[in-house]
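**Q** Given next are the chains, with one letter for each unit.
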Amino acid sequence: MTDLSYNPSRGQSPATKMALRIVLYLLLGLFALFYLMPLFVMLTTSLKSLDEIRTGDLVSLPREVTFDAWRTAWSTACTGIQCEGVRPYFLNSLLIAIPAVMISTLVGALNGYVVAQWRFKGANIFFALMLFGCFIPFQVVLLPMARMLGIMGVAGTIPGLIFVHVIYGLGFTTLFFRNYYVSIPSELTKAAKVDGAGFFRIFWSIFLPLSLPIIVVTVIWQFTQIWNDFLFGVSFSQAGTQPVTVALNNIVNSTTGVKEYNVDMAAAIIAALPTLFVYVVAGKYFIRGLTAGSVKG
Amino acid sequence: MAPILEVKNLFKNYGSTEVLKDINVSIDEGDFLVLVGPSGCGKSTLLNCIAGLEPITGGDLFIGGQNMTNVSPKDRDIAMVFQSYALYPTMTVAKNITFGMKVRGIDQATQDAKLNQVATQLQIEPLLHRKPGQLSGGQRQRVAMGRALVRDPKLFLFDEPLSNLDAKLRVEMRTEIKSLHQRLGASMVYVTHDQIEAMTLATKIVVMKGGIIQQIGTPAEIYNRPANLFVADFMGSPAMNLIPAKTRMNGKGMLVEIDRKDGDPIVLTDTRNKDLPENVILGVRPEDIADAALGRAGETQEADCVIDIVEPAGADTFAVMQLGGKHVTARLHAETSALAGQAQRLTFDLGKVSYFEPETGLRLN
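Respectively, the protein sequence lines represent chains A and B.
Using this note's numbering, you'd call the opening residue of the first sequence number 2 and step up by one each time.
Using this note's numbering, you'd call the opening residue of the second sequence number 518 and step up by one each time.
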């Protein structure tokens, strides 16, 4: 392959090269600091006591590190009339996100496999409609979805929310898998057919083992979407089934009297931790998966 | 005995486009059938139809005497080798070869025995635990062959299996496929766009163009007696010289007159053919035009021609000249005295000559 990488240092003296390098790293460092500012403020604030917040500086480090705010946020902060912290809601979010991610990824993989490798009459229209599903704004489906959930008898329940997220995620997961599988030569399917394998056998033995990068991409995408969702969570849940995003909103907005910034910050970080965790664990596959298929390997 | 493969009046349409029109072919057990033609002629589609990977629009298909028209690929008792080899990327070589048996629920002992047998045959034992990504092109090719061999099918199908290899390896594998065919006595259908591959491998060739069979025959028949101008031009390298000519009868036989660029026409006498239309296309293979000085057996006639280009190719030297308004290639001896721009005395051998009707392109003799 030809090396097309940008190489600005050609024909420059080592001193100039060094100077340019230093400027480059300085700029990058500055940008990194800028992006880290909000996280820094959140972290430090969550570790301060209320007194310190009231008297101190927003960006200063805590004089005395205390985890009280974290404890409060996790187990005793009030969301309206209940004061159980974010813990039960965090659990709800896990109960919603994990099955919804698994189901939508698996069904998306099957859909993508069919659209890419088992061309049928109208496959293109089917795929175009699936794609269209990605662009429907959430608000548009709220009322019909509420009616659907009511008819199905799962309104306000966790299975109901799982159902909503699976349906809404299918457009994206199908798109991801279809684009990945389309780059796999159809001769592979043909060879397996001659070998005697059927529809599911080919999917299970040949396509799924090839799919790790795109599964990681889909899982990260879906998990982030579902975990961070607020609108569906607030619309289709009731007391006891609300996800952590809704609880966070309630903690921040329903306090009376003194605003407990440290508790708010701690709760926000807790609510954001799982997505952060998924990125850290699977992030390198994410980038690899996004570019896979575009480059032949 | 019933033919091992019989295709009867096969039609294939994609929407309203006809891809294959009224295909009729049959081969006997042990035949090596090669489907050859330019790209887009429908040869790969025909192979896919035989495999059952493409549904056919009309006609019938028999394998081993049984009607297989609506039978799924796995029950047709066939094995197929693909152009891209289509090895399962996540499985080892051994798993690739045994996948078919595993799907069919064949017991482990038989699987191992067959795997070992095929691996020995193709000399791929050291590769059995590697993944396809760790193999070279030639090795992948062997594994793909192994996957087909292990099935021991009634019919082997090959879809341009050598076209991804470099020139040297291609010739090696070609020989290997031929020796495999001779050893196994298996029936094979082989698709290629390379007419040399077709000539060297086939016991029977089908030349196709635009979804229509142009000619079916042995390599010698196709080469010596092409059915029309397309086949004449497609098979053979360098291609057959197709020269516009005029014929007339006289006492000795039929006279064939070819225009020379400067000077009188060349007049040749053909004693084997007679009573052809006045205007014909004369088909002469380059090897039937040779150096007069170096002598040649058989009925030959000599004429002087001005050589335009001399192309030494090692074993032979090709000379290009203008006859009848066309470029004509002669296959001369490597040590020929021919020089570009000078006249050279050449002999014409009309023993294997072909005549074609200029309008329809069909063979006349």
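No wet-lab data here; the hints were simulated from the structure.
Glycine included, every Cβ here is placed at the ideal spot set by N, Cα and C.
Incorrect hints may have been included.
[As the list claims (entries may be wrong)] Below, a sample of chain A positions facing chain B; criterion: calculated Cβ distance under 10 Å:
| hint | residue |
| --- | --- |
| 1 | Arg22 |
| 2 | Leu25 |
| 3 | Pro89 |
| 4 | Gly199 |
| 5 | Ile207 |
[Claimed, not checked] Pairwise CB distance ranges, derived in the manner of DEER restraints:
| hint | chain 1 | residue 1 | chain 2 | residue 2 | range |
| --- | --- | --- | --- | --- | --- |
| 6 | B | Pro875 | A | Phe200 | 24 to 34 Å |
| 7 | A | Ala124 | B | Glu546 | 57 to 67 Å |
| 8 | B | Ser653 | A | Leu213 | 20 to 30 Å |
| 9 | A | Trp205 | B | Gly654 | 23 to 33 Å |
| 10 | B | Asn633 | A | Ala283 | 37 to 47 Å |
| 11 | B | Gly532 | A | Leu213 | 55 to 65 Å |
| 12 | A | Leu130 | B | Tyr531 | 22 to 32 Å |
| 13 | B | Gly868 | A | Phe200 | 55 to 65 Å |
**Q** Hint by hint, say whether it matches the structure.
**A** Each hint, compared with the structure:
1. Arg22: 37 Å, violated
2. Leu25: It is violated, given that the least Cβ distance between Leu25 (chain A) and chain B is near 37 Å, above 10 Å.
3. Pro89: 42 Å, violated
4. Gly199: At about 8 Å, which falls below the 10 Å cut-off, the nearest Cβ of chain B leaves the hint on Gly199 (chain A) intact, so it holds.
5. Ile207: 5 Å, holds
6. B:Pro875 with A:Phe200: 24 to 34 Å: 54 Å, violated
7. A:Ala124 with B:Glu546: 57 to 67 Å: 40 Å, violated
8. B:Ser653 with A:Leu213: 20 to 30 Å: 25 Å, holds
9. A:Trp205 with B:Gly654: 23 to 33 Å: Holds - the Cβ-Cβ distance for Trp205 (chain A) and Gly654 (chain B), about 29 Å, lies within 23 to 33 Å.
10. B:Asn633 with A:Ala283: 37 to 47 Å: With Cβ atoms ~41 Å apart, the hint holds.
11. B:Gly532 with A:Leu213: 55 to 65 Å: At roughly 38 Å between Cβ atoms, Leu213 (chain A) and Gly532 (chain B) fall outside 55 to 65 Å, so the hint is violated.
12. A:Leu130 with B:Tyr531: 22 to 32 Å: Check passed, 24 Å falls within 22 to 32 Å.
13. B:Gly868 with A:Phe200: 55 to 65 Å: Since the Cβ atoms of Gly868 (chain B) and Phe200 (chain A) sit about 59 Å apart, the hinted range of 55 to 65 Å holds.
In the structure shown, a violation is registered for the earlier hints numbered 1, 2, 3, 6, 7 and 11, in ascending order.
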